[in-house]
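Student: Sequence:
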Amino acid sequence: MSVTYLDKILQQHREAAAADTRDVAELHARCIEMAPARDFAAALSAPGLSVIAEVKRRSPSKGDLAVDLDPAEVARAYADGGAACLSVLTDHDHFGGSPEDLQAARAAVSLPIIRKDFTVSIVDVYDARLMGADAVLLIAAALNDDELAEFSAAATHVGLTSLCEIHDELELERALRVDAKVIGVNQRDLVTFKVDQDRAVRMAPQIPEDRVRVAESGVRGPDDAAVLYAAGFDAVLVGESIVTSGERAAAVRALRSVGD
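Residues in the sequence shown are numbered consecutively from -19, following the numbering used here.
Calculated directly from the structure, the hints in this document are not laboratory data.
For clarity, every value in this text was computed on a predicted model and none was experimentally measured.
Some clues are possibly wrong.
[Said to hold, decoys possible] EDC-like mimics (lysine to aspartate or glutamate), calculated; alpha carbons at most 16 Å apart, straight line:
hint	residue 1	residue 2
1	-12	73
2	161	190
3	42	13
4	161	176
5	-12	44
6	42	169
7	161	189
8	42	220
Construct the entire structure; sequences and hints are all you get.
Tutor: Spelled out as C-alpha cells, the structure:
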C-alpha cells in the first residue's frame, strides 16, 4: 500500500510528539489551573444552522488561500457575520497556521475556538488547552481505539470539548463508544482529498439526535449548507469559501441564513 499525504502528515506529527521531552504531569497541572473554557458544544446548539468559521491561511489541496491574513481581523469579521464558533489551524508546515493565530483570534472575540490540528498525543490535548483553545479535534481515522479513548477523556478532564471527526459507520461507532458529544462528518476524503457530500447526507441521520452534528470541509456556500441542514446537521465548519471571500462577514451571514 502506498504512503498517502495524510500518512506523511501524521508521521511528522508523531515524530514531533515522540521527541517532546516536556513533563506531561506539569502540563496537566497547568491546564487544571486555567479558567473555564468557553462552551463549544453549547454554542452550536442554538436553533438554526450554526457556523464554525475557520481561520485558514493555506491547504494541502488548494495551496495558498490567505497567507497574509490578520487572525484578529478575520475573527472579528466572522463574529460580525454571526459565526457560533471559530476554528483556527495551528499546523504550520502544511496549513501555515500557528498557536499565535489561535491566541490572536481568541483575544479578538468572545466565541469558542477549536484548535484545528492533528492530535496524536496527550500533549497535543494539553497544548490545545494551554494555547487558549476551547475544543480539540480528534480524527478517528488517525487514532486507534485506545488513543481515541485516552485523548477524549483527557480533553474532558481539562475542560475541553472534543470534536470527533468521522467518515463512515464504523468510525461513528467508535465515536459513540467514547461518548463524543460533538461529532463531525468530514466530506473530504483524507486520502484523495475529494469531497463527497453524499457521505455526509448518509451519515447525518445515523448520528443520535442528542449529539451535535457537524458537517466539515467542502461547503462551498449556502446551497451546500442548505443540503446539509436538511439532512440533519446542526452546524457546518467552513474555511476556504469564506476566508477567500471579499466580504467575510457577509459570507458567514449567508450560511447562517440557511437555518432562518
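Student: Please go over all the hints and tell whether each is borne out by the structure.
Tutor: Each hint, compared with the structure:
1. -12 with 73: Judged against 16 Å, a Cα distance of about 12 Å means the pair holds.
2. 161 with 190: holds, 8 Å
3. 42 with 13: Judged against 16 Å, a Cα distance of about 40 Å means the pair is violated.
4. 161 with 176: violated, 24 Å
5. -12 with 44: Answer violated: residue -12 to residue 44 is near 20 Å, above 16 Å.
6. 42 with 169: holds, 14 Å
7. 161 with 189: holds, 10 Å
8. 42 with 220: holds, 9 Å
In this structure, the hints that do not hold are numbers 3, 4 and 5, in rising order.
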